[in-house]
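Throw the hints in and build the complete structure from the sequences for me.
Using this note's numbering, the first residue of the sequence shown is number 1, and each one after it goes up by one.
Quick caveat, the hints were computed from the structure, so don't treat them as lab data. Check before you lean on any hint, since a few could be wrong.
Said to hold, decoys possible - SDA-like cross-link-like pairs, simulated, lysine to any residue; straight-line CA separation at most 20 Å:
no., residue 1, residue 2
1, 193, 103
2, 216, 27
3, 64, 54
4, 45, 83
5, 67, 55
6, 236, 83
Unchecked claim - The calculated label-pair distances, taken between Cβ atoms and stated as ranges, are:
no., residue 1, residue 2, range
7, 23, 236, 18 to 28 Å
8, 214, 70, 22 to 32 Å
9, 81, 19, 26 to 36 Å
10, 242, 185, 42 to 52 Å
11, 67, 231, 15 to 25 Å
12, 189, 213, 12 to 22 Å
13, 219, 242, 14 to 24 Å
Note that this is a predicted model, so its numbers are computed, not measured. For every residue, glycine included, the Cβ atom is placed at its ideal position computed from N, Cα and C.
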Amino acid sequence: MSIAVPYVKIKVFHSTYTGPGAEIFYSFLKNGADPHISDGHGQGKGFYVWTTLEQARAHIEWLKEGKYILGYPLIVESEVTLNPQEWDLDYECNMELIVAFIWGHWDTFQKIPDNALRIRGNMMDYTLCPSKSKKMGVLTKFIRFILAADDGSEMQEDVMPKKKYNEPNTQDAAMLGQIFNFLQKYLPDETNKFESSIFLKMVSKKNMAIKYVGSKNLPIRSFQIQADNEWVYGEKALKYIQERKAA
Numbered sequence: 001m002s003i004a005v006p007y008v009k010i011k012v013f014h015s016t017y018t019g020p021g022a023e024i025f026y027s028f029l030k031n032g033a034d035p036h037i038s039d040g041h042g043q044g045k046g047f048y049v050w051t052t053l054e055q056a057r058a059h060i061e062w063l064k065e066g067k068y069i070l071g072y073p074l075i076v077e078s079e080v081t082l083n084p085q086e087w088d089l090d091y092e093c094n095m096e097l098i099v100a101f102i103w104g105h106w107d108t109f110q111k112i113p114d115n116a117l118r119i120r121g122n123m124m125d126y127t128l129c130p131s132k133s134k135k136m137g138v139l140t141k142f143i144r145f146i147l148a149a150d151d152g153s154e155m156q157e158d159v160m161p162k163k164k165y166n167e168p169n170t171q172d173a174a175m176l177g178q179i180f181n182f183l184q185k186y187l188p189d190e191t192n193k194f195e196s197s198i199f200l201k202m203v204s205k206k207n208m209a210i211k212y213v214g215s216k217n218l219p220i221r222s223f224q225i226q227a228d229n230e231w232v233y234g235e236k237a238l239k240y241i242q243e244r245k246a247a
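Here it is, written out as structure tokens:
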């Protein structure tokens, strides 16, 4: 039986750049946001967004430090209704929440057979093994990944309940993302309820990273660019880009 979950309406923000000839900017204006373009560095396809403008602008500064900006810094805004069918968590930014969800459903999770989930990576195969270990008389739960390299060698990585992700990385995010995608099929009601509870918290906190995974392009409500160290909005931003393109 499907569990009814409440939907949440919220504004979301995506940080990017206009492109050298403003082609990315015009694509957003014409087509909206396509959720099938980005693969999230292994986390899965989706349109990745922040739930506050402050987070989006901070991400722009990170992009500038890495010299990822082509053209002008650009933030596009949408007003959306969150639901577990079209929205998902950004695994890299929400690792601790997902790990906590797994431990909260351990009795069901441990019934998944070893090797049921096999992740084919660029350099490694990741094999999921829900496991238990008894150390000093204490039973510890953990997820063990068997990492098999192309040369036949193996290493293992254990994800523990208390592991802190002070510096999340895309490799861990990709692994946990694959697990959560698997659980969405294996435990659909529980995962929908879990994600909906996170979405509800956004109403008060509004400081999350999520992604749109719907089938249709997401309409863009407004936009802003950073020009001459100032944020320029709407028609003024459009005029600014048109004048620079014509020059």
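Hints and how they fare:
no., hint, verdict
1, 193 with 103, "holds (16 Å)"
2, 216 with 27, "holds (15 Å)"
3, 64 with 54, "holds (16 Å)"
4, 45 with 83, "holds (17 Å)"
5, 67 with 55, "holds (18 Å)"
6, 236 with 83, "violated (34 Å)"
7, 23 with 236: 18 to 28 Å, "holds (20 Å)"
8, 214 with 70: 22 to 32 Å, "holds (27 Å)"
9, 81 with 19: 26 to 36 Å, "holds (29 Å)"
10, 242 with 185: 42 to 52 Å, "holds (47 Å)"
11, 67 with 231: 15 to 25 Å, "holds (20 Å)"
12, 189 with 213: 12 to 22 Å, "holds (18 Å)"
13, 219 with 242: 14 to 24 Å, "holds (22 Å)"
Of the numbered hints given earlier, the model fails hint 6 alone.
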